[in-house]
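Peer 1: Whenever a hint applies, use it, and build me the whole structure from the sequences.
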Amino acid sequence: MDELTSVPQFTLELFGINLVFNTQTIIMTWIVMAALICFGFLATRKAGLIPNPFQVVAEMFVSIFYGFTRDTLGEDLAKKYSPLICSLFMFLLLCNWLGVIPKLAEPTKDLNTPLGLGILGFIIAHYSGIKVKGFANYIKEYFQPIFFMAPLNIISELAKVVSISFRLYGNIMGGAIIILVVSHLVYGLIVPPFLVIFFGLFVGSIQAFVFTMLTLVYISLQVK
Amino acid sequence: MLEIIDLTRSAQYIGAGMAIGFGAIGAAMGEGYAAGMANESLCYRAENSGNVVRNMLVGQAIAESAAIFALIVSLILVFSAPSEQFVLFAWIYISAGLAMGLSAIGSGIGAGLAAGNACQGIVRQPAHSSAIIRTMLIGSALCQDPAIFGMVIAILLLFLDFSTVPLYPGWAAMLGAGLSIGLAAIGPGIGCGLAAREAASGVARNPETNTNTNRMMLVGISIAQSTAIYGFVISLLLLFTGHQENLALTASLGLLGAGLASGFGGIGPGIGEGITAAGALRWIARSSGNTGLLTRSMLVGMAVAESTGIYALIVALLLILVL
Amino acid sequence: MDINGADFIRALALLGAGLAMGLGAIGPGVGEGFAAGKACEAIGRKPEEAGLLTRTMLVGQAVSESTGIYALVVALLLLFVV
Chain A
550 MDELTSVPQF TLELFGINLV FNTQTIIMTW IVMAALICFG FLATRKAGLI PNPFQVVAEM
610 FVSIFYGFTR DTLGEDLAKK YSPLICSLFM FLLLCNWLGV IPKLAEPTKD LNTPLGLGIL
670 GFIIAHYSGI KVKGFANYIK EYFQPIFFMA PLNIISELAK VVSISFRLYG NIMGGAIIIL
730 VVSHLVYGLI VPPFLVIFFG LFVGSIQAFV FTMLTLVYIS LQVK
Chain B
52 MLEIIDLTRS AQYIGAGMAI GFGAIGAAMG EGYAAGMANE SLCYRAENSG NVVRNMLVGQ
112 AIAESAAIFA LIVSLILVFS APSEQFVLFA WIYISAGLAM GLSAIGSGIG AGLAAGNACQ
172 GIVRQPAHSS AIIRTMLIGS ALCQDPAIFG MVIAILLLFL DFSTVPLYPG WAAMLGAGLS
232 IGLAAIGPGI GCGLAAREAA SGVARNPETN TNTNRMMLVG ISIAQSTAIY GFVISLLLLF
292 TGHQENLALT ASLGLLGAGL ASGFGGIGPG IGEGITAAGA LRWIARSSGN TGLLTRSMLV
352 GMAVAESTGI YALIVALLLI LVL
Chain C
7 MDINGADFIR ALALLGAGLA MGLGAIGPGV GEGFAAGKAC EAIGRKPEEA GLLTRTMLVG
67 QAVSESTGIY ALVVALLLLF VV
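Protein chains in written order, with the numbering used here: chain A, 550 to 773; chain B, 52 to 374; chain C, 7 to 88.
Since the hints were derived computationally from the structure, they do not count as laboratory data.
Backbone N, C-alpha and C define an ideal beta-carbon position, used for all residues, glycine too.
A portion of the hints provided could be inaccurate.
Stated by the list, open to error - In silico contact screen, one side only, chain A against chain C (beta carbon under 7 Å); selected entries: (1) 727; (2) 730; (3) 734.
Peer 2: As structure tokens, then:
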């Protein structure tokens, strides 16, 4: 049970501030990044009319998410945001699936990853909103429909970030803990692989999809 | 003889049990509703099954999020080390469990309601499924806000240092804080789900009005959550006002009563305002020309429905600040 | 009644396990029942789609069950591990 609470860390002293790095999360994220970059390279090399398998998969992802983005944001904005949405989904999908491989762990098991991605989505949405609507209109929206709704609206915006981040973190971390606890209880017989398939592959892909779609919806709420 | 660590550790376990126990109720009910409505609509147009099942799973995943927050709090309670010095922490652990567990009930049911009717809407209007899905996502994600407030209170209770608060009346303040946000979040969660449900059906019925309906849904849901915010404010007051050591029973039970007042007081107005918003949204989608009139009626109706919630808030404030 | 410290912890851990699973069984029961009922109605309306409808019902019920599984895991934790 101790492995649940101990996190391997690496502290760096920089300009008098202690920077703490969670080594496991960083290394796993690098593995995901390397895998995605290799995938991208293999998919676009010699892109021809008869596609190689990587190109087929890449085209499937791109077309599905371009379709979602276009349906939500409209044609011209879709070109701007669909790379973000598609790469967010592919990154999260591979992150959540990484836990299925024996010695590797999901980077999303650390609260920093989902929270960072949630704050990223929040900043992008609000920055785009300010750029499109102008600062005055953006501030005015917080006072709709009645003047004193402003604190409620601000709280609601912050709650959006908290909810998408914690939902992803909780599902992945909770799944990992449940797999660990049940494996301990049944002494590793029969049950664990099914749990890993359910919590790792199934829940992982659904949560990646939900996170991506919610980020898209929050961007569209600000921009349209 | 019982030592302090026995009391605190056992309170941790009770709190963990209550957190996940209550938290699992709402999410499962909402997800079951979504599954049922998806099935019912599939029989009308079976060739859409891929789209409908995917949408059902997305909606269920959102409904589950409150239960996941409850699971996180529950696991933190089981695995963290209990305080060895202060009996007050026993009440803190129980209160954190109650805060998270109870507040997850409403959000789970609400998000499931929205998802179910979105599936029904997709079958009715497959060409506009993305507009319906967008409405469902916005509505059900907003329904999670009361559970987030509950989780914030639970995390504040677990991770801030309350060792300087005296045991009497501190025990009642902590327990009241948990009950206040926990109970108060049930009503708005369900109410916002009712509103989001009608918005999703309305967008399916009349896809051209979808921006209007979305905007009105946001307004209605934001106002319906106000009693959850009252409960949250009372929780914060109970946690952070400096309590003087007072062994009298009146002081303790007064604070507990404040928590119960704002807690139970949030249930009714939350559901009622949700029903108001649902009614307004049902007709905003059908006759978009009357949006202004319907919005005004909705706001007036909600303001009246909120009145008892405000009385509860006033009584709670009186109990904390004056008595 | 002579209450020993370790006994007291164990006793309340058992009570917590009972609360966790007892309350946690309410939701999946109601939700899965509703899903099954609607599935029966749908199959009654269109018997030839029974395969698809049953599959969808089972998928939906499995997701609804997952919160019950969380409650079960916490209950088992409290019973056997702590």
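Peer 1: Does residue 727 of chain A hold up as a contact with chain C if the rule is Cβ-Cβ below 7 Å?
Peer 2: Holds, because the Cβ-Cβ distance from residue 727 of chain A to chain C comes to roughly 5 Å (cut-off 7 Å).
Peer 1: Let me know if the C-beta of residue 730 of chain A comes in closer than 7 Å to any C-beta of chain C, holds or violated.
Peer 2: holds (6 Å)
Peer 1: Let me know if the C-beta of residue 734 of chain A comes in closer than 7 Å to any C-beta of chain C, holds or violated.
Peer 2: Hint on residue 734 of chain A: holds, closest Cβ of chain C at ~6 Å, below 7 Å.
The structure is consistent with each of the numbered hints, conforming to all of them.
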